[in-house]
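Numbered by this note's numbering, the letters in the sequence shown go through residues 28 to 194 in order.
Each hint should be verified, as a subset may be incorrect.
As the list claims (entries may be wrong) - Label pairs and their in silico Cβ distance ranges: (1) G114 with A168: 41 to 49 Å; (2) H130 with C164: 18 to 26 Å; (3) L124 with Q178: 32 to 40 Å; (4) P121 with V172: 20 to 28 Å; (5) N181 with R153: 44 to 52 Å.
Source of the hints: derived by calculation from the structure; they are not laboratory data.
None of the values given here were measured: they were computed from a predicted structure.
Idealized CB from N, CA, C, for every residue including glycine.
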Amino acid sequence: MSTDPRDNERTDFDARFAEIIAQFDEDPLDSSDLADQPDEVDDEPDRPSAEVLPPEPTASMDPLASLPVQWRMPSTDEPPALMEDDGTYEPPPPMPLPTGDLHFWGILAAMIGGPLWLLYLFMFDRYARPMWWVLACAVSALGVVLLILRQPVNRDDQDEDDDGAVL
């Protein structure tokens, strides 16, 4: 006979596991459970009503009509404007870059040049003097500062000439 207390625990676990496995084979509704329920039993199984089932699709039927009506579904009365593509839309030509705006060109040079300079230092010249690293970071930060300064001073909704964010 074993004196190890883990052997007793092991047999308890095995017995409990055997009980759980035996319950899987039992019918969940045995006769003792049915005695508490009323005697009325439906002879016909539950079937979905005809209102719930979608109509049978036909060749002439609109495929959107068979789908349930949701708030994101297009209405079947008129086709939405997005579905009417006549192919005539041409976007306006892009505005030319400002030629005399030094603020714009400073932002562009600093926002592109600063990160490229940092990338160059990181990839090809890691042991450069710390001054070059500081200058590359300063150029990147200058681009961000210039971009923030470019924002309009007044953000009221009353401004009718507002074209949104302008670089």
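Hint check results:
Separation of G114 from A168 is about 47 Å and conforms to the stated range, judged on CB atoms against 41 to 49 Å. The supplied range of 18 to 26 Å is met by H130 and C164, whose beta-carbon atoms lie about 21 Å from each other. A hinted range of 32 to 40 Å is violated for the C-beta pair L124 and Q178, which are about 19 Å apart. A C-beta distance of roughly 27 Å is found between P121 and V172, which places it inside the suggested range of 20 to 28 Å.
The hint said 44 to 52 Å for the Cβ distance between N181 and R153, and at roughly 46 Å that hint holds.
This entry does not satisfy hint 3, going by the numbered hints stated previously; all others are met.
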